[in-house]
Amino acid sequence: MLRDVATFLERLLGFDPATFDYSWVTAVVVIGAASLLAFVFIALFAGPVTWWERRIAGRIQCRIGPNRVGPQGVLQWLADGIKCFLKEDLVPAAADQGLFRFAPYLVFGGYMATFAVLPFGANLVAADLDVGLLYLLAITGLVVIGILMAGWASNSKWALFGGIRSAAQLVSYEIPSAFSLMSVVLAAGTMSMQGIIGQQGAWPWEWFVFKNPFLFAAFFLSLTASVAEGNRTPFDLPEGESELVAGYHVEYSGMRFLWFMFAEWGNLWVIATIATVCFLGGWQVPGVTPAEIAASTGLAFWGWQALSFAVFVAKASVLVAFVIQLRWTLPRLRVDQLMITCWKYLVPGALLNLAGVLVLLAVVPDQGVADWAIRGATLFLGLALASVFVWKARAGYLADRDLYRRMEGKELWYPPYRLP
Amino acid sequence: MTFTEILQRLQAAFPDGGVEAVEDALLDPAVRVRADLVHAACLFLRDEPDLWMDTLRVITAIDRPPDAIDVVYHLLSMRHHHTLVLKARLPRETPAVATVSDVWASADWFEREQFDLVGVDFTGHPDLRRLMMPVDWVGHPLRKDYVRPDVYHGIPTSRDRVVPVTQALPPQHQAKAGPETDLMLLNLGPHHPATHGVLNFLLETDGEIVRRAKPDVGYLHRGIEKIAEMNAYAGTMPYTDRVDYLGGMFTNQAWAMACERLLGIEVPRRAEFCRVIACELNRIASHFVGTGSMAMDLGAFTPFIHWLREREKINDIMERICGARLTYTYMRIGGVARDIDAATLEMISAWMDHFEPICSEFDRLITGNEIFVQRLANVATLSAEDAISYSLVGPNLRASGVKWDLRRDEPYSVYPELEFDVPVGLGWRGHVGDCYDRLIVRLFEIRECIRILRQAIAMIPDGEVRAKVPRVLKPAANEAYGRVEAPRGEAGFYAVSDGTDKPYRVRIRTGCFTAMPVIDHLSPGLLVADIVALIGSLDVIAPEVDR
Amino acid sequence: MVSAVPPPVGDPMPGRGTGGLKGWIANWARTATTVLDGLAVTMSWMFRRPLTIQYPDKIPQPVQQMLPETYRGILELDVRLCTGCLQCQKTCPIGCIDIVVEKNEAGGRDITRFDIDVSRCMYCGLCSEVCTFAALRHSSEFEATQPDIRNLNLHFVTKPVPVARHKPGEAPPRAPRGSILKDVIPGYGRRPGKAPDGGEKNR
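Chains as they are written, first to last, in my numbering: chain A, 1 to 420; chain B, 421 to 967; chain C, 968 to 1170.
Just so you know, these hints were derived from the structure itself, not from any lab.
Don't take each hint at face value.
Listed below are the simulated SDA-like cross-link pairs for lysine to any residue, each with C-alpha atoms no more than 25 Å apart in a straight line [to be verified]:
id: 1; chain 1: A; residue 1: K392; chain 2: C; residue 2: Q1056
id: 2; chain 1: B; residue 1: K922; chain 2: C; residue 2: Q1056
id: 3; chain 1: C; residue 1: K1025; chain 2: A; residue 2: K392
id: 4; chain 1: B; residue 1: K564; chain 2: B; residue 2: V892
id: 5; chain 1: A; residue 1: K344; chain 2: C; residue 2: R1015
Computed from the model, here is a short list of chain B residues facing chain A with C-beta under 10 Å [stated by the list, open to error]:
id: 6; residue: F434
id: 7; residue: G438
id: 8; residue: V442
id: 9; residue: D444
id: 10; residue: A445
id: 11; residue: L446
id: 12; residue: L605
id: 13; residue: R631
id: 14; residue: L640
id: 15; residue: R642
id: 16; residue: A720
id: 17; residue: F792
id: 18; residue: H851
id: 19; residue: L947
id: 20; residue: A949
Heads up, the beta-carbon is just placed ideally off N, CA and C, and yes, glycines get one too.
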């Protein structure tokens, strides 16, 4: 009897303890450990940015923001995460049980998979694929499926609206995003993320963003399209809390809700990383070439790794802060305007831009006098834009300062807007 | 045109004796029309060029047991600046009168409400259903012999009457299998971030395109009209705050004005200025919430918070003026509760100095923003004719290009002495009467309020703030309509007295009530997101709709 | 007052109807500049200090002390001043004041019950207005959270108190604002304490 069972199992599984190949067990363990590591790494990126966003929002709205958990509230995201873990996981009775439960993981997985090719430092990249950029653009398609799945499976009309909106939005905005990134590919001659970084230098005038005016425009086009792909305001139509209540994740609670939030804030980093890598010179440390870093050994090697990582995080943080600020400044587009913005403005704009890049690349020889002249002019353009921005911000700020001075002698019953 | 002239015109048109003046010496002289002539008379009044009663202010049904129910129509001609009260007496057993909903579009909801609460049958009405009460409610609450049930589906109707909830709630609004359509039914509300309170809109959508948005109100119906009948004149004052929680001063003032007219009380001059100052501050605060929450509905959170920050300071001032931040109860019949002292006036001036740059900052932040403009411009455009027909009032009416402001056109209080403009919609970014105009009119009104406040603070005289008023108020049998220009348009109180210390009937006319059917009217073809913008631009306050 | 809103545009359908390359470029430019405007405003706010206070624990002084004298908080009765005239009870629109005045053995009158159901009170101030002797006044107290709503029926008289008899000018001074409520509100003062640093830290 027992022997029969063993024979049966042997036939079924082909299991023979002696000749069994254990390598797949090792593979599972290694993949599991790597995934856990990656998860922790992503959590450390996505988590604090929720706290950061709320602090920035607080400042913009003259509030304080979360400041109780940990010093200045930096651990707020942990508290929120634990809270979500402890919450009841509600699944609507009429929902499509399987899809409803699976959708958040698909969304999160799609987002997590992008981290495989993102270079966070000189050697801090999981897989430097030759088609890294293409992979990035392709893998985000998983997120669409997940969101659509969540919207459909919730069996709620609001969620369905959110899911459908999201599908239309993400698919449409892939195009301007791809077009504007294609101009970078043209300039770099490679799709590998490390390769794109290697083609740029550490100093601003060596970055692709200031290489020529068309690439400068491509930077903003790509950023806009990425923001739209990340469902951030002003393109947060799939969620649209004042129209669709919460859109595709309206029925989610507890941990499953957290996966969506995870993906959303993690996506901020993906947006920032793509822009940093493609336009802002990635992790390049001024004064050192990638070759020198690669050649270094021992402590120096690890030092360069840490330094390049810091440079990368600094650059990306500025972009993250910018996207956060956008969210707390702009109203939301309407669904038809969203499509108009994409198909009538961004797509033709990106196409024209691509043509411009092509022409300039063909006409102007690299590192020639003309090239440096164009780089200089573009850098000047960028600085001019920044100055206009600072000037405008300062004008509003000064208006209030003058006002405050005017009010100084008067007895006010509320604390005036103290200046920093 | 005077009342006598209008009466003569009417009698000439209906010579068979169906039209006569009401004999009692009423404060607002009224015409009594035989019930079967109401519709014809209304059409005549509306269409005669020199009468031109283009606006129906309110329809009131008054239960007069044992044998009669009066239906009262308050009419107004915006073109000729004259008003008329039209009355019809119906038998109490079979109270039926022809509908005027084909004469004025706003009559639709007024008639539904009076059918619901008093039980008047408006024959020919296209959709005579209960408006405020649940569909399965029994009886008409504003009838004098109405007895409140203790329990409604197992829910006790009062805190004192503790009834154990044993009975399961019956399925009430089960979806009926209607004709096969491709339309999707979508409930926007009652708990939806964009409905500003507990309101429901039943959307019939084709994808994102709305084919119709049917407003469903009554979730916040507290029966303030009924409560007022059970309370003394002065005791009704706190309830008027709750009619419109963002503009408590105005409902206060409208009620005070109605009672003062009934009692013939002269309000001291300083009290009038106190009222103006308090009201204009309140108007600014209300427009802060109106415009700010509109921006929030469109996804911009920050402007709302910035406006609320300024509103907090107005609340601080209000706290000093009247002791409360929201439910002011500041006005009294014959004056105001307490004087505004010099320190508070100084606070107001200081706040205004501080506020001016913030106003332009708000414009830079959101009003001029291209996304915001595109979301609002040319969305839900309402023509002036429709706006008048729907009895829209206040900024919503002015946004459609009609320059009608009670402060200017039917002056009350000390407003004739103050200099201010009435901003109207000019098609600032699109067509006249679109959502953007409704926003910008409010923003300009904030600036006009500042102008009025500065003048009022400079002009405020010394003196008493309260007339000598007997402790128990017993006005003789009469009726009066008191109205003010509230942030959401005309806030009117129609008070009917019968010689006792309690009003016989109180009818509240608010700006939001008439704004609701407009949503139904404008919704076809809009997107779901536009509905949100439309609700926001009309500045709908749910308790004001339901009262 | 300077307005940043430009006057009405002549074009009835700006942005939507404007076709052609010119409109296309104009839309790009308008969007870019107005978004920049908005970003500039929010950026300037990032450098200003927040205005909010951290109620209830990190504030320089209790909110009750910041409120003006006129504030209409929870009603408070100084029973030494009450003449038992019942005017407040008659005036209250909701009827949340419940007073019982009984004859005592000495032939005078005692107030045996003076209850105010604060959970129903709508803080309109009509009762304190009719109180000639300032016995009933609004305090600036507003924190009275209770585990049971019935606790909010405040009993200002626990044992019979003879009604006050004095002329308006000769009345004893009223107890300080808020001092009586301490004994009347169940569990009064069990609110979160002040911040150890006195609430100066507000960042």
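Going down the list of hints, with the structure as the test:
Under the criterion of a C-alpha separation no larger than 25 Å, the hint pairing K392(A) with Q1056(C) is inconsistent with the structure, at around 61 Å. A C-alpha spacing of about 17 Å is found between K922(B) and Q1056(C), which places the hinted pair at or below 25 Å, so the restraint holds. About 35 Å separates the Cα atoms of K1025(C) and K392(A), which puts this hinted pair outside 25 Å; it is violated. Proximity of K564(B) to V892(B) is assessed by CA-CA distance (about 23 Å); at most 25 Å being required, the pair is judged to hold.
Proposed proximity of K344(A) and R1015(C) is contradicted: the alpha carbons are some 39 Å apart, above 25 Å. For F434(B), the interface hint is violated, since its Cβ never comes within 10 Å of a Cβ in chain A; the closest pair sits about 52 Å apart. For G438(B), the interface hint is violated, since its Cβ never comes within 10 Å of a Cβ in chain A; the closest pair sits about 52 Å apart. Among the interface hints, the one on V442(B) is violated; its C-beta lies about 50 Å from the nearest C-beta in chain A, farther than the 10 Å criterion.
Among the interface hints, the one on D444(B) is violated; its C-beta lies about 52 Å from the nearest C-beta in chain A, farther than the 10 Å criterion. Hint status for A445(B) relative to chain A: violated, with the closest Cβ pair at about 51 Å, above 10 Å. Hint on L446(B) is violated. Least Cβ distance to chain A is approximately 47 Å, over the 10 Å limit. A least Cβ separation of about 8 Å between L605(B) and chain A falls short of the 10 Å threshold, and the interface hint therefore holds.
For R631(B), the interface hint is violated, since its Cβ never comes within 10 Å of a Cβ in chain A; the closest pair sits about 15 Å apart. Checking L640(B) against chain A: minimum C-beta separation of about 20 Å lies over 10 Å; hint violated. Because the smallest distance between the Cβ of R642(B) and any Cβ of chain A comes to about 26 Å, over 10 Å, the interface hint for this residue is violated. A cut of 10 Å between beta carbons decides the hint on A720(B): the least distance to chain A is about 4 Å, and the hint holds.
Taking 10 Å as the C-beta cut-off, the interface hint given for F792(B) holds, the closest approach to chain A being about 5 Å. At about 17 Å, the closest approach between the beta carbon of H851(B) and any beta carbon in chain A exceeds 10 Å, and the interface hint on this residue is violated. The beta carbon of L947(B) comes within 6 Å of a beta carbon in chain A, closer than 10 Å, and the hint placing it at the interface holds. Among the interface hints, the one on A949(B) holds; its C-beta lies about 5 Å from the nearest C-beta in chain A, closer than the 10 Å criterion.
Of the numbered hints listed earlier, those contradicted by the structure are 1, 3, 5, 6, 7, 8, 9, 10, 11, 13, 14, 15 and 18.
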